[in-house]
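K.L.:
Listed here are the chains, written in short residue letters.
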Amino acid sequence: MKKDLLSIDDLTSDEIYLILDTSEAMREIGQREIKKVPTLRGKTVVNLFYEPSTRTRTSFEIAEKRLSADTLNIAVANSSVQKGETLVDTAMNIEAMQPDMIVLRHASSGAGHLLSRICKSRIINAGDGMHEHPTQALLDAFTIREHKQRIEGLKVTIVGDLLHSRVLRSNVRLLTKLGAEVWVSGPPTLVPTGIERFGVRVSANIDEAVADADVIMMLRIQQERMHGAFIPSLREYFTTFGMTTTRVARAKPDVIIMHPGPMNRGVEIASDVADGPYSVILEQVANGVAVRMAVLYLLAGGAEVD
Amino acid sequence: MAVVMDADRIGRSLARIAHEILERNHVVEELALIGIRRRGVPLAKRLAQAIHDINHVEVPTGALDITLYRDDLMRTAIAAQPVIRRTEIPFSIDDKRILLVDDVLYTGRTIRAALDALIEFGRPKAIQLIVLVDRGHRELPIKADYVGKNLPTSLTQSVQVHLSEIDGRDEVEILES
Chain H
285 MKKDLLSIDD
295 LTSDEIYLIL
305 DTSEAMREIG
315 QREIKKVPTL
325 RGKTVVNLFY
335 EPSTRTRTSF
345 EIAEKRLSAD
355 TLNIAVANSS
365 VQKGETLVDT
375 AMNIEAMQPD
385 MIVLRHASSG
395 AGHLLSRICK
405 SRIINAGDGM
415 HEHPTQALLD
425 AFTIREHKQR
435 IEGLKVTIVG
445 DLLHSRVLRS
455 NVRLLTKLGA
465 EVWVSGPPTL
475 VPTGIERFGV
485 RVSANIDEAV
495 ADADVIMMLR
505 IQQERMHGAF
515 IPSLREYFTT
525 FGMTTTRVAR
535 AKPDVIIMHP
545 GPMNRGVEIA
555 SDVADGPYSV
565 ILEQVANGVA
575 VRMAVLYLLA
585 GGAEVD
Chain X
178 MAVVMDADRI
188 GRSLARIAHE
198 ILERNHVVEE
208 LALIGIRRRG
218 VPLAKRLAQA
228 IHDINHVEVP
238 TGALDITLYR
248 DDLMRTAIAA
258 QPVIRRTEIP
268 FSIDDKRILL
278 VDDVLYTGRT
288 IRAALDALIE
298 FGRPKAIQLI
308 VLVDRGHREL
318 PIKADYVGKN
328 LPTSLTQSVQ
338 VHLSEIDGRD
348 EVEILES
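Protein sequences, first through last, are from chains H and X.
With the working numbering applied, the first sequence covers 285 to 590.
With the working numbering applied, the second sequence covers 178 to 354.
With the rest of the complex left out, here is chain X:
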């Protein structure tokens, strides 16, 4: 087990991403942050706060649960179904620039499911992807627009993101299995 990002490093990465978002998107009013449950949601809220700290604009935030869109549901006959949580997008995504937020980018399948789910809520002008950690091993043609940390991993490792809102501490670690 090795800690690859501590609280300080996570904070600085998010602050840097907030600056990059404003650098690339000139019309801040078009922006909306949508976090993928579970750990994308607190990350989206922190980014909204970071953007507010920079230019005092409130970027709306939402939460997306992608479970019902997963491509691996019901492929095994033994496992119980994953728990579904609420999707809460309290604004129209039509013509918005959606900043989709997740903790770890791995195979890309979660993002594929998230794109499918989002499209059913409307037609955004653009969707950009923010991840705290990109650990590689993509199985689909998906790429993040903003990355907190690129982290080369092997398939036998797992990456655990802990966030204070959910886990009581901020930390990213690699586990050997």
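Only chain H is shown next, with the shape it has when bound in the complex:
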């Protein structure tokens, strides 16, 4: 493993499988009466969050505590000041207190790479702007593998706001690396240009995209990142791209429906799909803790010197 986990590109497929296998062992700890092992005793992990987050921050914090690390949460309200300098200053100050790892969530793409260059601490990217959210893709892969016993050869359809989604970018990198057939679908205004170069099939027709899919992954309409008219209205969006039971029926009979959360019910996903029998949305959340424990454990060891 490299020093930091900033992008799925930092991982070989062997390392991805190592993380998934380690996550299996970590999940067992969460089923014990005493959900704690002494592994990271004496290590300090700083959770530095420049963007609001419930799931990811809580998930990381539980994972850190189950491994007995000392954790510290810094929630920095998002501001429009020159982010580069502020982030560097904050990081230098945190670094001066000698933490072992920094878990960073930031609204700017590449924020983790910036910290990586100036910090000796290991950096885990917990979401940087529209770039990547590697631990989300890893927990998605873990959930898929649990249900399908494999990833290679599966048809995975990702639907929604592709443009603003770091979850999409991490998932596309990971799933194509492991040999899945990835389809993406969304309104043309929300499809990033050149996405085909990542080796995915693009279709503006959701019915075609979900046909015979093994996995459907819904993405949130990110209204907070939309500074322009990307879609006519939320209701129209739901009609054209919302996941309904009718659309689910076009996929494979054992399809699983995923969503990284937070969900906009009635916008990208109908409530009866979100709460329905195909939904593994809450399993994703549960698996997140085990996967993050695996990442923390594996990164805490030695790193390749590069």
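The reader is advised that the hints may include incorrect statements.
[Stated by the list, open to error] Simulated restraints on C-beta separations:
| id | chain 1 | residue 1 | chain 2 | residue 2 | range |
| --- | --- | --- | --- | --- | --- |
| 1 | X | ALA179 | H | THR342 | 52 to 62 Å |
| 2 | H | THR342 | X | ALA256 | 41 to 51 Å |
| 3 | H | ASP293 | X | ALA179 | 42 to 52 Å |
| 4 | X | GLU297 | H | PRO561 | 29 to 39 Å |
| 5 | X | PRO267 | H | ARG519 | 49 to 59 Å |
| 6 | H | PRO476 | X | GLU297 | 40 to 50 Å |
No lab work stands behind these hints: they were computed from the structure.
We treat Cβ as the ideally placed atom computed from N, Cα and C, and that holds for glycine.
Take the given structure of chain H and dock chain X to it, following the hints.
P.N.:
Coordinates of chain X only, in the frame set by chain H:
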């Protein structure tokens, strides 16, 4: 390289240990075998079978991975982390007499870690230690209750246990390094 135990010898040692277990523990229903990953696990299963062959009682078996409890994790800045395997103890260890099984007893640090790990699953009535080979050189005050073979070694040697379930053959050998 010298073979110090062959398949026959390993089989007879395990059979003898099974008898010793029953000799020392009168309430068989209280017993449970927990193997330390990796090679303690098949040994625990074989002992359960040996006990069953003697008195037709099923002793439950489990598997313990002690990696997360090791005292030498993260002491080097270069090595990659050891692979973690699943811990599977599908029964309560409370008030049980736990028979902890490992292949080689050496410094005692693995057993120290195993004791720490086990205590988090409950409060057993007693823990007894079974090893196939005791090669000496203890660094902690730990002693096995049942030993397949005492094997005096030097620190430059290493003891390799091969079991058919994992390695395709039953053999214990000493390697000079």
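K.L.:
With reference to the structure, classify each hint as holding or not holding.
P.N.:
Against the structure, the hints:
1. For X/ALA179 paired with H/THR342, a C-beta distance near 56 Å keeps the hint of 52 to 62 Å intact.
2. In this structure the supplied range 41 to 51 Å is violated for H/THR342 paired with X/ALA256, their Cβ-Cβ distance being about 32 Å.
3. Hint check: H/ASP293 to X/ALA179, Cβ distance near 49 Å, so the stated range 42 to 52 Å holds.
4. Judged by the Cβ atoms, the range 29 to 39 Å given for X/GLU297 and H/PRO561 holds: they are separated by roughly 36 Å.
5. At about 51 Å, the CB distance of X/PRO267 to H/ARG519 agrees with the hint of 49 to 59 Å.
6. A C-beta distance of roughly 47 Å is found between H/PRO476 and X/GLU297, which places it inside the suggested range of 40 to 50 Å.
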